[in-house]
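I would like the entire structure built from these sequences, with the hints used as guidance.
The working numbering numbers the first residue of the sequence shown as 1007 and each following residue consecutively.
Hint data in this document are derived by calculation from the structure and do not stem from the laboratory. Check each hint, because a few of them may be wrong.
Below are the DSBU-like pairs computed for lysine-lysine, each with C-alpha atoms no more than 35 Å apart in a straight line [stated by the list, open to error]:
(1) 1168 with 1209
(2) 1164 with 1104
(3) 1153 with 1126
(4) 1168 with 1220
(5) 1126 with 1104
(6) 1219 with 1153
(7) 1126 with 1168
(8) 1164 with 1153
(9) 1126 with 1219
(10) 1126 with 1209
(11) 1126 with 1220
(12) 1168 with 1153
(13) 1220 with 1164
(14) 1153 with 1220
(15) 1164 with 1209
(16) 1104 with 1209
(17) 1219 with 1209
(18) 1153 with 1104
(19) 1126 with 1164
(20) 1153 with 1209
(21) 1209 with 1220
(22) 1168 with 1104
(23) 1219 with 1168
(24) 1219 with 1164
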Amino acid sequence: MKRTNAINAISTLACLVLMAGCASTPKAAPEIPCINNPDPEGEIVLLDSFEEGNFWQAVGDSWDQWGSHNLSLETDLSEEWASDGATSGIWEFDVMSKDTSMQATFPCYALLETDWTPYKAIVVDFNNISEQPLQVNVAVQDGIEWKWTTTETFTLGKGENKNVIFSLTEGIESDGNPVTEIVHGEQLSCGMIQVVGENTGGKIMVDNIRLIKKD
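If you want it as structure tokens, here you go:
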């Protein structure tokens, strides 16, 4: 009887230890899926396919005099991946921790289209080759009051994200205030794609940037 009780006690203790081990094991975070939207409908204007050269820049420390240090490091062209044609942009950004601006901006000052009033959305293909999901948005600056208008932010899973659609009429803001259209969208001086939020730095590939005309 004593032997049976001892065996039962040992079994109970083993179960408790096993249960405690299971309870203390953290659950893996759910995988962030890649965006894979269908090709957009409507009249499309190609803004950049990266086949004619590199027209996008990294800010680096060039904006430090106006505010927090920007974390974009370098832009280049790559033939390792492309969603349209043979070439894409490959952009590098620094570690974006909570004590930084958490903003890596890649501007283009040579936009093929500087009047965006006829357009309802901008669509971009990305290949997230960093080690974590990334948050991205699009911003523009007008050439009259130099105000920024910023789109909604989307999270990219690791890998290829196709047809990421940034509305230019919904979910946008200027100086922190909601707006329904780009401020002075008829005269833009700069278009920007931004990686924002907290991450460990890395690289992202960009291709097939398109504007979609309003219905």
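These are the hints, each one checked on the structure:
1. For a cut-off of 35 Å, the pair hint linking residue 1168 to residue 1209 stands: about 17 Å separates their Cα positions.
2. Using a Cα cut-off of 35 Å, the hinted pair residue 1164 and residue 1104 holds, with the two alpha carbons roughly 22 Å apart.
3. For the proposed pair residue 1153 and residue 1126, the alpha carbon gap of about 19 Å is at most 35 Å, so the pair holds.
4. A distance of roughly 21 Å separates the Cα atoms of residue 1168 and residue 1220; the hinted pair therefore holds under the 35 Å criterion.
5. Taking the CA atoms of residue 1126 and residue 1104, the gap is about 33 Å. The hint holds against a cut of 35 Å.
6. With a CA separation close to 23 Å, the supplied pair residue 1219 and residue 1153 stays within the 35 Å bound.
7. Between the alpha carbons of residue 1126 and residue 1168 the distance comes to roughly 18 Å, so the proposed pair stays at or under 35 Å and holds.
8. A C-alpha spacing of about 32 Å is found between residue 1164 and residue 1153, which places the hinted pair at or below 35 Å, so the restraint holds.
9. Restraint check: the Cα-Cα separation between residue 1126 and residue 1219 comes to about 6 Å, which is no more than 35 Å; the hinted pair holds.
10. Restraint check: the Cα-Cα separation between residue 1126 and residue 1209 comes to about 28 Å, which is no more than 35 Å; the hinted pair holds.
11. The hinted pair formed by residue 1126 and residue 1220 meets the criterion: a straight-line CA distance of about 5 Å does not exceed 35 Å.
12. For a cut-off of 35 Å, the pair hint linking residue 1168 to residue 1153 stands: about 29 Å separates their Cα positions.
13. About 31 Å separates the Cα atoms of residue 1220 and residue 1164, which keeps this hinted pair within 35 Å; it holds.
14. For the suggested pair residue 1153 and residue 1220, the alpha carbons sit about 23 Å apart, so the restraint of at most 35 Å is met.
15. In summary, the hint linking residue 1164 to residue 1209 is supported, as the alpha carbons are separated by about 11 Å, within the 35 Å threshold.
16. Straight-line distance between C-alpha atoms of residue 1104 and residue 1209 comes to about 19 Å, which keeps the hinted pair within the 35 Å bound.
17. Restraint check for residue 1219 and residue 1209: the C-alpha separation of about 30 Å stays at or below 35 Å, so the hint holds.
18. A distance of roughly 26 Å separates the Cα atoms of residue 1153 and residue 1104; the hinted pair therefore holds under the 35 Å criterion.
19. For a cut-off of 35 Å, the pair hint linking residue 1126 to residue 1164 stands: about 27 Å separates their Cα positions.
20. Restraint check: the Cα-Cα separation between residue 1153 and residue 1209 comes to about 28 Å, which is no more than 35 Å; the hinted pair holds.
21. For the hint pairing residue 1209 with residue 1220, the CA-to-CA distance comes to about 32 Å; that is within 35 Å, so the pair holds.
22. A hinted pair counts as satisfied when its Cα atoms are at most 35 Å apart, and residue 1168 with residue 1104 qualifies at roughly 29 Å.
23. For the hint pairing residue 1219 with residue 1168, the CA-to-CA distance comes to about 19 Å; that is within 35 Å, so the pair holds.
24. Restraint check for residue 1219 and residue 1164: the C-alpha separation of about 29 Å stays at or below 35 Å, so the hint holds.
Of the hints listed earlier, there is not a single one the structure fails to meet.
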